[in-house]
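Protein chains: 2
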Amino acid sequence: MKPMSDPSKKNTDAKSGFLTRQYGWLSEYSGQVFTDDIVAAIIVTILLVPQSLAYALLAGLPPQIGIYVSIFPLIAYAIFGSSNYLNVGPTAVISLMTAAAIAVLPEETRLASAAMLALLTGGFLFIGGLVKAGFVMNFISRPVVSAYITGAALLIIVSQLKHIFGISADGNTALSLLKDITANIGNINKAAFAVGATAIIILWSIQKLLAYTLVRLKMKARRAQLIARMMPVFVIGIYILLSYFLNLNSAYGVRIVGKVPAGLPPLALPSGGLADYEILIMPAIVIAIVAFVDSTSTAQELASRARGRIDSNKELLGLGAANFVAGVSGGYPINGSMSRSAVNFTAGGKTPMAGLMVAGMMALTAVFLTPVLKNLPLATLAALIIVACFNLLDFKSLWRTWVYSRADGLTAITAFLSVLFFGVQWGVLVGVVLAMALHIQSTLKPHMALVGRFPGTQHYRDAERFKVETNEQVKTLRIDESLYYANARYLEDKVARIVAKSPKMTDLILMCTAVNRIDASALSSLKEINKRLKSARINLHFSDMQSRVRERLNRSEFSNQLTGQIFLSQFEAMEMLEPEPDWERLSDHMDIH
Amino acid sequence: MKPMSDPSKKNTDAKSGFLTRQYGWLSEYSGQVFTDDIVAAIIVTILLVPQSLAYALLAGLPPQIGIYVSIFPLIAYAIFGSSNYLNVGPTAVISLMTAAAIAVLPEETRLASAAMLALLTGGFLFIGGLVKAGFVMNFISRPVVSAYITGAALLIIVSQLKHIFGISADGNTALSLLKDITANIGNINKAAFAVGATAIIILWSIQKLLAYTLVRLKMKARRAQLIARMMPVFVIGIYILLSYFLNLNSAYGVRIVGKVPAGLPPLALPSGGLADYEILIMPAIVIAIVAFVDSTSTAQELASRARGRIDSNKELLGLGAANFVAGVSGGYPINGSMSRSAVNFTAGGKTPMAGLMVAGMMALTAVFLTPVLKNLPLATLAALIIVACFNLLDFKSLWRTWVYSRADGLTAITAFLSVLFFGVQWGVLVGVVLAMALHIQSTLKPHMALVGRFPGTQHYRDAERFKVETNEQVKTLRIDESLYYANARYLEDKVARIVAKSPKMTDLILMCTAVNRIDASALSSLKEINKRLKSARINLHFSDMQSRVRERLNRSEFSNQLTGQIFLSQFEAMEMLEPEPDWERLSDHMDIH
Chain A
9 MKPMSDPSKK NTDAKSGFLT RQYGWLSEYS GQVFTDDIVA AIIVTILLVP QSLAYALLAG
69 LPPQIGIYVS IFPLIAYAIF GSSNYLNVGP TAVISLMTAA AIAVLPEETR LASAAMLALL
129 TGGFLFIGGL VKAGFVMNFI SRPVVSAYIT GAALLIIVSQ LKHIFGISAD GNTALSLLKD
189 ITANIGNINK AAFAVGATAI IILWSIQKLL AYTLVRLKMK ARRAQLIARM MPVFVIGIYI
249 LLSYFLNLNS AYGVRIVGKV PAGLPPLALP SGGLADYEIL IMPAIVIAIV AFVDSTSTAQ
309 ELASRARGRI DSNKELLGLG AANFVAGVSG GYPINGSMSR SAVNFTAGGK TPMAGLMVAG
369 MMALTAVFLT PVLKNLPLAT LAALIIVACF NLLDFKSLWR TWVYSRADGL TAITAFLSVL
429 FFGVQWGVLV GVVLAMALHI QSTLKPHMAL VGRFPGTQHY RDAERFKVET NEQVKTLRID
489 ESLYYANARY LEDKVARIVA KSPKMTDLIL MCTAVNRIDA SALSSLKEIN KRLKSARINL
549 HFSDMQSRVR ERLNRSEFSN QLTGQIFLSQ FEAMEMLEPE PDWERLSDHM DIH
Chain B
9 MKPMSDPSKK NTDAKSGFLT RQYGWLSEYS GQVFTDDIVA AIIVTILLVP QSLAYALLAG
69 LPPQIGIYVS IFPLIAYAIF GSSNYLNVGP TAVISLMTAA AIAVLPEETR LASAAMLALL
129 TGGFLFIGGL VKAGFVMNFI SRPVVSAYIT GAALLIIVSQ LKHIFGISAD GNTALSLLKD
189 ITANIGNINK AAFAVGATAI IILWSIQKLL AYTLVRLKMK ARRAQLIARM MPVFVIGIYI
249 LLSYFLNLNS AYGVRIVGKV PAGLPPLALP SGGLADYEIL IMPAIVIAIV AFVDSTSTAQ
309 ELASRARGRI DSNKELLGLG AANFVAGVSG GYPINGSMSR SAVNFTAGGK TPMAGLMVAG
369 MMALTAVFLT PVLKNLPLAT LAALIIVACF NLLDFKSLWR TWVYSRADGL TAITAFLSVL
429 FFGVQWGVLV GVVLAMALHI QSTLKPHMAL VGRFPGTQHY RDAERFKVET NEQVKTLRID
489 ESLYYANARY LEDKVARIVA KSPKMTDLIL MCTAVNRIDA SALSSLKEIN KRLKSARINL
549 HFSDMQSRVR ERLNRSEFSN QLTGQIFLSQ FEAMEMLEPE PDWERLSDHM DIH
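The listed protein sequences derive, respectively, from chains A and B.
Per this note's numbering, numbering of the first sequence is gapless, rising by one per residue and ending at 601.
Per this note's numbering, numbering of the second sequence is gapless, rising by one per residue and ending at 601.
Bound conformation, chain A alone (with noise of 0.2 Å):
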């Protein structure tokens, strides 16, 4: 049994306490995991430094606010977070979302605004944890998420390739990008459509086949992968050292990195964004909810592979407390990286003690490293995104899930197509509403059955499915869900049907047994059904209702207007109503009511 994660132990995790769980890892630190963290730790790190620089270009930011990122945000996080391998910091949706939210604002404050987004984002996260909102995972289905993901690594490419050109282009969508791209692609510079062309070709033959061919060659299928994830540092070596050399900004035109101010961020509350929190308000939460899904999905899956288990609300106050730092050291909005998590996980890190490592190693990056970056080609940053996006494409899956069920395709084409078409910040919202729409389009007709007594028995049954006794005046209608706005309408027709069907019927039972539930908008139906079955002469009874339902029901004006009763059971139900032989006690129960 011990490989399924057990739903019992979390009780008692909580009741040992918040410092237990969250830093039980320390007390059992020693030095083979600390040998462990800082192998893991060196891997990522150089990974992630030109990763910061590409992801706060993307957001429309200098490229010092991603190192910033890199570094108070991951302390936070391996305080506040609950998984022991999820590297947060900059990444790419996040990123692109960013840039959508502060587009509309004056150059001159967007920096600010950044800043102030992620504070609200952080702000909107925490609370989240602290109110417990990690149910919200729950509305959110997994082809909406995969369709996102993929909708928004394909606009990301699109976004780099003005870069890949050397021309400029602007817009938050696909269509507005490409009628850019297409307008100035006379512009197009030679030379840096050489370095991001042959970059994009190194990187991806890289990614592609040197673990493949490592492998070939005998080295272990891990040393290899690890290997073939830290080579694109050299080749951005390289093209620092070609730029530099062949002086390819000032002689080609090809546009760099430009200087980068050496030093750590300051740390104080984003002062000029302040004006403009309103038009950021709606950006924040959209973020905070992609972002939340998006490290929770990494988070669970690693967690998963080493038999653990996170814990969703910890993980909210982790990203949150990790924004709000982000928000407070001049940086913007961050989240869990798939990739970087994923080679944490590979090359061995074992604690949030890795975490911490990066940080340190970044906050050193941040001092005395950035007047290396400063002759890097924007062209080859663009091809370092482009080939980390096209890992995120998974067109696959998309077409895997419009075969399996047509009603989830659409849902999910629909939101890549939004994040086209609308913008990074539409897809989740659109995705997430049709999905909703499409499950409540589904219990519309809801299951209900005229049911009769099983001979012999107390049991009722489908009177068209079972042979059981029915009876002309009085019938019983199970109604097999909870009575809401959206199935009340039904209801409403069925009972009409039956109206129609049943020259006899003096009285009709509903049978409540699975009603969990009835609604305001129900209400309005079953008040409806009353008036019209009262005027048709038909009395309206309620049987083997939910007590909690029934206090409800008996809360409202409607037991006053109903024309029968409420009984406890269908058995006690039938021993008042059934015509047999009695007539005479029917007909004085009609007269009461």
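No lab work stands behind these hints, which were simulated from the structure alone.
Each hint should be verified, as a subset may be incorrect.
The list cannot tell twin chains apart, which means a pair is met if one copy fits it or any two copies do.
[What the hints assert, rightly or not] Derived PhoX-like pairs: lysine-lysine, alpha-carbon spacing no greater than 20 Å straight-line:
#1 K453 <-> K140
#2 K512 <-> K542
#3 K535 <-> K404
#4 K502 <-> K453
#5 K404 <-> K216
#6 K502 <-> K542
#7 K267 <-> K539
With chain A's structure known, arrange chain B on it following the hints.
Below, chain B alone, put in the same frame as chain A:
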């Protein structure tokens, strides 16, 4: 049984064809019906003339536009609609939504944009009718509709205060309007305030007291009501005379309607607004939904009073055609008016002919009566709108909903506040999404139970509620609801919990009698469960699965991964799996999978 609407009739009607059903009333048209219709039409027109000016101004358009949309759209609705009593034309809520939609566009293109908006709204509604999208009514809960209308009425009242005070105030939300009003309250025009305040008091008194007084003077209730409804036109006449003789505009600065061009609207596609159609798509969709829900509710209410029935898909066609015609006659979006339709019904209108008559009389007004309207003070029109909106405020039902159900109450209050603080277009959307989310929230934990064999039968019952035969090796979990993305994780947890408590279990059967659907997310969860059970050396089986669900599972790659089997019935599953007493067969079985 007669009073009940008979759904079986619907099919017969449909078979007898479009023409008969739609125009049946024409073949039976008589002199008496003609008299009824023309009396109702005159009364509706008297009500409509001032309303049409007022609502056009509310929409931010010239007053004659209100008259224009009271002519051709009524003809279109008479041809395509299904209600005998609905009076379409300009209404308060849709006018306010139009104002919000075109406010973002430059002033000089608003006229064309409003017409474009009507075209788009009409297009969406008509297409909705063709694809039989009437079921969307089911997505909108009654508390949301009622809260939305109350919120919109309150917002409209606030938006009209500027005319009562004779100041200027802009904005589409209660907050921004009140901010402007507070800032300009020093510039109040006393003459305008005198006109507006007295008009509100007079119109309000007529509405509340006149009908009551007339009834007490032994007049028939229906006639008293109609007289009270017709009085506003005389009040407005008095204010026109006052304005003319006292020179309210030039001498006191009271704003008046001004010159209203005479003549019929030109029939043409809107030209200038074409560039803005992208901005208008979302507002048009929301207006189409609100117009449809609002009109259909009114039409259904009146139809059921006359023991009739309306077809919501026909309503979509009728409203779509009417809005389309409003668009090509230089108008703006329209819908069914609750107040005028009620007057039409009460006054004895019997057929769509009454609507055609109203259209004819409004055409005469457009040609001959516009000079009369020039001196009408805007404050009087604002008073007319405000008093009309008093009738739409329904705080009582908001309160009653809250008392009955916190979830419904929360939805209603959120919709109400969204209208006031984010603008009228948000109320319905927010309400619809929140209602869906709260419903899904209530289904996150579907009912499931471990079941056992009822002694001596082949029936399986909840092992916690009945004395049944259970088995340590082979356990059966009955799932009582469809599996979909929101509850799939709960199944994962439930299975984990069962495994933790069942050290001897070798086989788990999921009994799927009540599972109508397994969506792609739930399929992922089943794969996950299968994988985890496999590593715990437990086989996963299914029984009693509906053939539709089974076929779909067989199409997916899951059927190859499954460690157990999909049995047709629970009986067959237990026959195969139950380890009594043949232990060898069981171990054979385990080797196979």
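Next item on the list: Compare the structure with the hints numbered earlier in the document and write down the numbers of the violated ones, lowest to highest.
Entry: 7
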